[in-house]
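Visitor: Work the whole structure out from these sequences, hints included.
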Amino acid sequence: VSMTVKEAINSAMDEEITRDSRVFLIGEEVAQYNGAYKVSKDLWAKHGSNRIWDTPITEAGFTGIAAGASLGGLKPICEFMTFNFAMQSIDHIVNSTAKIRYMSGGKIHGSIVFRGINGPAAGVAAQHSQCFASWYSSVPGLIVLSPYDPEDARGLLKAAIREDEPVVFLENEIMYNKKFDCDDKILDKDFILPIGKAKIMRQGKDITIVAHSRMVGVSLEAAEELAKKGIEAEVINLRTLKPLDTETIINSVKKTNRIVSVEDGWPHGGIGAEICALMMESEAFDYLDAPLERLTSADVPAPYAKSLEEIFTPRAVNVVNACLRVCNK
Amino acid sequence: VSMTVKEAINSAMDEEITRDSRVFLIGEEVAQYNGAYKVSKDLWAKHGSNRIWDTPITEAGFTGIAAGASLGGLKPICEFMTFNFAMQSIDHIVNSTAKIRYMSGGKIHGSIVFRGINGPAAGVAAQHSQCFASWYSSVPGLIVLSPYDPEDARGLLKAAIREDEPVVFLENEIMYNKKFDCDDKILDKDFILPIGKAKIMRQGKDITIVAHSRMVGVSLEAAEELAKKGIEAEVINLRTLKPLDTETIINSVKKTNRIVSVEDGWPHGGIGAEICALMMESEAFDYLDAPLERLTSADVPAPYAKSLEEIFTPRAVNVVNACLRVCNK
Amino acid sequence: NFTLTVKLPPVTTHKFDATLLPTEAVTSKEELMKYFNDMFTIRRIEITSDAYYKNAEIRGFCHLCDGQEGIYVGMEAGVTHDDCLITAYRDHGQAFMRGETPHAIFAEMFGKITGTSKGKGGSMHFYNKTTNFYGGNGIVGAQVPVGVGLAFALKYQKKPNISMIMYGDGAANQGQIAEAANIAALWKLPAIFICENNKYGMGTAIERASANTDFYTRGDTIPGIKIEAQNILAVRETMKLAKKWGVEHGPLWLEFSTYRYRGHSMSDPGVSYRNKEEIDKVRATRDPIEYVKHLILDNKLASEAEIEDIQDKIKDDVNKAAAEAKKDPVPEAKELLTDVFSHNRKYLIRNVELKDSALI
Amino acid sequence: NFTLTVKLPPVTTHKFDATLLPTEAVTSKEELMKYFNDMFTIRRIEITSDAYYKNAEIRGFCHLCDGQEGIYVGMEAGVTHDDCLITAYRDHGQAFMRGETPHAIFAEMFGKITGTSKGKGGSMHFYNKTTNFYGGNGIVGAQVPVGVGLAFALKYQKKPNISMIMYGDGAANQGQIAEAANIAALWKLPAIFICENNKYGMGTAIERASANTDFYTRGDTIPGIKIEAQNILAVRETMKLAKKWGVEHGPLWLEFSTYRYRGHSMSDPGVSYRNKEEIDKVRATRDPIEYVKHLILDNKLASEAEIEDIQDKIKDDVNKAAAEAKKDPVPEAKELLTDVFSHNRKYLIRNVELKDSALI
Ligand SMILES: Cc1ncc(C[n+]2csc(CCOP(=O)(O)OP(=O)(O)O)c2C)c(N)n1
Ligand SMILES: Cc1ncc(C[n+]2csc(CCOP(=O)(O)OP(=O)(O)O)c2C)c(N)n1
Ligand SMILES: [Mg+2]
Ligand SMILES: [Mg+2]
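So the protein sequences, as listed, match chains A, B, C and D. Quick note on our numbering: the first sequence kicks off at 1 and runs consecutively. Quick note on our numbering: the second sequence kicks off at 330 and runs consecutively. Quick note on our numbering: the third sequence kicks off at 659 and runs consecutively. Quick note on our numbering: the fourth sequence kicks off at 1019 and runs consecutively.
Since the hints were made in silico from the structure, they are not lab data. Owing to the predicted nature of the structure, the values given are computational and were not obtained by experimental measurement. Be aware that a few hints might be false.
[As the list claims (entries may be wrong)] Keeping only pairs whose Cα atoms sit at most 25 Å apart, straight-line, the calculated SDA-like set for lysine to any residue is: (1) A/LYS306 - D/HIS1032; (2) D/LYS1177 - B/SER378; (3) B/LYS375 - C/LYS1013; (4) C/LYS898 - C/THR681; (5) A/LYS306 - D/GLU1342; (6) B/LYS557 - B/PHE614; (7) C/LYS1013 - B/PHE614; (8) C/LYS846 - A/TRP44; (9) C/LYS665 - C/GLU682; (10) C/LYS1013 - B/PHE509; (11) C/LYS1013 - B/VAL646; (12) A/LYS38 - D/LYS1206; (13) B/LYS507 - C/LYS665; (14) C/LYS816 - A/ALA45; (15) A/LYS199 - C/ARG1003; (16) D/LYS1147 - B/SER350; (17) C/LYS857 - D/LYS1206.
[Unchecked claim] Label-pair ranges, simulated between beta-carbon atoms: (18) C/LYS1013 - A/LYS205: 26 to 34 Å; (19) C/GLU865 - D/ASP1068: 48 to 56 Å; (20) A/GLN203 - C/LYS817: 47 to 55 Å; (21) C/ASP956 - A/ASP164: 25 to 33 Å; (22) B/GLY377 - C/ASP974: 50 to 58 Å; (23) C/LYS817 - A/LYS205: 43 to 51 Å; (24) D/SER1321 - A/GLY48: 52 to 60 Å; (25) B/LYS375 - C/GLU865: 23 to 31 Å; (26) D/ASP1068 - B/GLY402: 31 to 39 Å; (27) B/GLY377 - C/ASP956: 50 to 58 Å; (28) D/LYS1344 - B/LYS375: 56 to 64 Å.
Glycine included, every Cβ here is placed at the ideal spot set by N, Cα and C.
Guide: Below you can see the structure in the form of structure tokens.
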């Protein structure tokens, strides 16, 4: 089946809202406007005002309300038009949601999905382009998912909604309208991907490339280039950022002995840094023939100008360069 | 001179407020109450209501106001009773302050210090114990400082206030009342420590221990223990977390060939992870005789009970254990 | 059955028809004795906490509520445990009224595994899911949107209940309260906003923190009522009305005039920003326990001696509860890593040293 | 010198003595011609932006302000550039009025190094430090506390100026606005809160977003005034008054009734949540440019032909400015790493590949 990432998210929500009466969608412009990016297209028309809720532009307010609704036994899907705006309400994600099971000794908890656009998009400049993958991954009590393609988006979003924990689900605007040929199995109403499991997108024996979200595509593109140069890269799509699928990464490195990480977040303490730590703290270290190289966005706020934006996030050429270096080529 | 960390912060503010009429202190209870932790003791009495401002309990409001005042040419010291509460206003630190120089092509900027208690304190449980060191360090446009002792506190806070950039200054409640014997030079009104420079607290040839804030003390304690076992640890007090003093760390590792990182933040993407990345991406890698081991707080919200809190953050025994392992002892 | 009719103190309203408000309340010996019991127990819990804190058996922040007991007892007399309750860190009174025993409350503050949150939360983090008590929140203002979310869940599930959302006068200026109020008003949620105006937010008097100190008007379009909350019957009657209003019409904004006898928390002597006379005056004229005690004595529902016996017994029970809680075991090291996620699936939870991590 | 006295439209107030408000304004040919020029220039900038956007020469978000030009021009006629100005992402009009040329504005949107922010900010991020224009902010509501901070700085420095803080009807519900307002009121800051009520926040009509749509009352204790802001003279007179009030008394809350002709941003056709008649009606009856044009023509200050010449010239100038901006160079790769910190000291700024980092 041919499907866009947006359609995958839309259909996953549609089906889960149908399946479980506790599930509802809440956010800005999600109902009557069909979503600022049309991700919730037709959901309001189909499910009505009791299931799809338009909020005022008050992130702290509606995130807290979604959190409270989850404590009260509902299963909210809380949409942020982008995760940049969730900085206004991050306290509710962390302090009202993630920590509450622990603080209450297991008595109180919320099952809730926080989802929306994360990371650099196209031409929207610094305030609309931040990647929060690593911040949320650092918070105990949160599960963090980052889909790449429609298969990921459907399978992980359904898993997230059915999960009994607070889940942060990071989407990518640039990927929304990308069409993929997908296996028909993903259409199954119960198509669920396991949380905590990465996917090997491409087998390879010479070097491991670890990426998530849009950077998986960039890595696959780089892998094609590398293949032309005789280097077979294994590309890992992390899918879950917290908890990381350390096993898949380690096993790959045991095979390839080399690794590069690719992300469009900032460098400091990013997913790449965490993978460096994994290399240090696991048996993978002994298999490394060369140190890991990180590719990240530049350590600057996202620029608007195309000439700069293009070189702000990792491109295939950067991945190729890094892999060549790591392979000593 | 004998001085507590609290006195160091207090005197640094006092002198800088005296020195530069643009500098003022703003925050909750900082004036008439002398600060919730008495860090601003006597400042209001001395400098008056035009320099020391009590705010309502509205972090988003007063942080934004401080940010705006800095764009308007003042030099605010914006105190958070703890950085946990700054999650309500982190958008202003990141989007209204850190990014603005870049977004305006260099036209607009703010010189401002955000300071307050960071990280686990004693018996205050999960919502009051979060370490934000790595989050802020990830944001381009911010300088992040983390003092350990009164020398650090005075020298770095003065540097921060005089700096032309937004600075996040992370204090530690447990350290506030710790008294240190300090060199008299720190009393100098112009005692400034360089931003971006770490300090070697203890020379050693066998292993490098990198830490910041309270964990420097824990590391020094561990180093004493290790010395008894014949291992000479070099303890690095990072002081500046962003930009990291990579040179000092690398040089130390070149000498010791072994390294352990210690922090009381959560593991994922922490300062330790970034140091792992530094090891991977610098010549230090070639000097490592063993992989780095990270010590961090456990990956759980901070517990209240003493029996759990004690083992939630790294203790000297953990540092000793890790160093012994890294030294293959 | 003997009943007593009591005149209620005057009330101020905002966009609310004052004629709907009761001017008197009917009560009974049984009720008054129960109120006395509950309020006095709460006060003893606080006094005992104070002592244990000073003895370093309770750690960190500890916010006592003596002076405000009438609110916690009065509220519950007007609603049921099917109505949700959420508050801030000053939560001992609510924890007790929502079914926690003094033993479990002390155990929590002592950091014992028998505590209401297994010792993981401490003084600021009491919860009781079975009685719909959602905490206990250390972040000023944060409980308010969360409480509106509880109201949302009630309405969504078509339950005939309200969510009672408590916050302080200092918290009142938090923008998220305005945000949540706006949504509650738009969606007509059964959210009862309750401002406990005890005149200070930490060391700041209301006039220095709020441009508008008429907290009952701060819901803007939401009708508001201000009452003297040192009168437990006023609290009770207001909550009865609020429950009916909330279920039928939507949000309501209450201001409860009260006073805290103590400093803000155990680390605040509470005397630098107000004078002793002020405190003494409230103690002498507006104490919620004294009010009920006088009703009992004046109407000869019990004798001084009987009241004293009751007090002694409560004092004794609370002391014993604390002493016993002290003997309970502390959480074992393995508890450090539990309760991050549910037990439905296993995740590796990392410990300080990686090798000590566990699949939980 | 010929002057013209114009009756101003009716005004609604909140806690403000309405008799203080002017009921008429005096203007001149010179003024009116300038207003016409400025407003028409802004409109042409927007129309031209629309065309370039559709041609993919402008990227990302682009929020046009046509329909609201009277506000930007009228405000500046009542204040000076020593008064601070801050707004949200719909900021082209303000950028022009605060001294940026159409060339520099287009260059910014085209991502050119000659843009007002070297192409780093784009449509939402215009600033001009020398004329005290502080942006341009993409985060709904965030500019409001920042603007109050600018007012704080003015008062701190004892300057006789105000800070004008613009936000939309949708933004009006942001809690941080309430927080900042409370502080502005407590500290009597010269902060003028200006709600541009254009009836919609993205696709949401004000009634669905705000329980209280009387935005001029939302400052609570802060006096408020609501005006018909399609009338440039009403805007100007209100700002004159606001400046005096702000410097002398403190904050003031203004609601400017206006309308946006376009969708929310270039990606919104703007017709699903409102109908074409509504838009056409405003265009026909409340257009700010038409209002001034009629004043000019009715009072024979210029002829139809003269007006048409002016329009042609502006159209031409703006077109040329855009065409020239198109030819400007884009920022070079090395600009990626500049402007993170000042140039006073050198920090290593990391690039995508570590090896490409630079000490800047
Ligand atoms: C967001 C946030 N800011 C600051 C604090 C510190 N703090 C805790 S309680 C408090 C005072 C609150 O006063 P009030 O709302 O009147 O409640 P009361 O303590 O009087 O019951 C402050 C400033 C906090 N916990 N959270
Ligand atoms: C905190 C935040 N939430 C959401 C958005 C997305 N957003 C941008 S503009 C807008 C609508 C704002 O409407 P209004 O305040 O009425 O201003 P107008 O666009 O009408 O000028 C929204 C929802 C944002 N930029 N920031
Ligand atoms: Mg109070
Ligand atoms: Mg609008």
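Visitor: Taking the hints in turn, state whether each one holds.
Guide: Cross-check of the supplied hints:
no., hint, result
1, A/LYS306 - D/HIS1032, "47 Å, violated"
2, D/LYS1177 - B/SER378, "18 Å, holds"
3, B/LYS375 - C/LYS1013, "53 Å, violated"
4, C/LYS898 - C/THR681, "13 Å, holds"
5, A/LYS306 - D/GLU1342, "18 Å, holds"
6, B/LYS557 - B/PHE614, "28 Å, violated"
7, C/LYS1013 - B/PHE614, "23 Å, holds"
8, C/LYS846 - A/TRP44, "20 Å, holds"
9, C/LYS665 - C/GLU682, "4 Å, holds"
10, C/LYS1013 - B/PHE509, "35 Å, violated"
11, C/LYS1013 - B/VAL646, "14 Å, holds"
12, A/LYS38 - D/LYS1206, "44 Å, violated"
13, B/LYS507 - C/LYS665, "57 Å, violated"
14, C/LYS816 - A/ALA45, "22 Å, holds"
15, A/LYS199 - C/ARG1003, "20 Å, holds"
16, D/LYS1147 - B/SER350, "21 Å, holds"
17, C/LYS857 - D/LYS1206, "22 Å, holds"
18, C/LYS1013 - A/LYS205: 26 to 34 Å, "31 Å, holds"
19, C/GLU865 - D/ASP1068: 48 to 56 Å, "51 Å, holds"
20, A/GLN203 - C/LYS817: 47 to 55 Å, "54 Å, holds"
21, C/ASP956 - A/ASP164: 25 to 33 Å, "55 Å, violated"
22, B/GLY377 - C/ASP974: 50 to 58 Å, "53 Å, holds"
23, C/LYS817 - A/LYS205: 43 to 51 Å, "60 Å, violated"
24, D/SER1321 - A/GLY48: 52 to 60 Å, "58 Å, holds"
25, B/LYS375 - C/GLU865: 23 to 31 Å, "24 Å, holds"
26, D/ASP1068 - B/GLY402: 31 to 39 Å, "37 Å, holds"
27, B/GLY377 - C/ASP956: 50 to 58 Å, "53 Å, holds"
28, D/LYS1344 - B/LYS375: 56 to 64 Å, "59 Å, holds"
Checked against the numbered hints above, the structure breaks hints 1, 3, 6, 10, 12, 13, 21, 23 and satisfies the rest.
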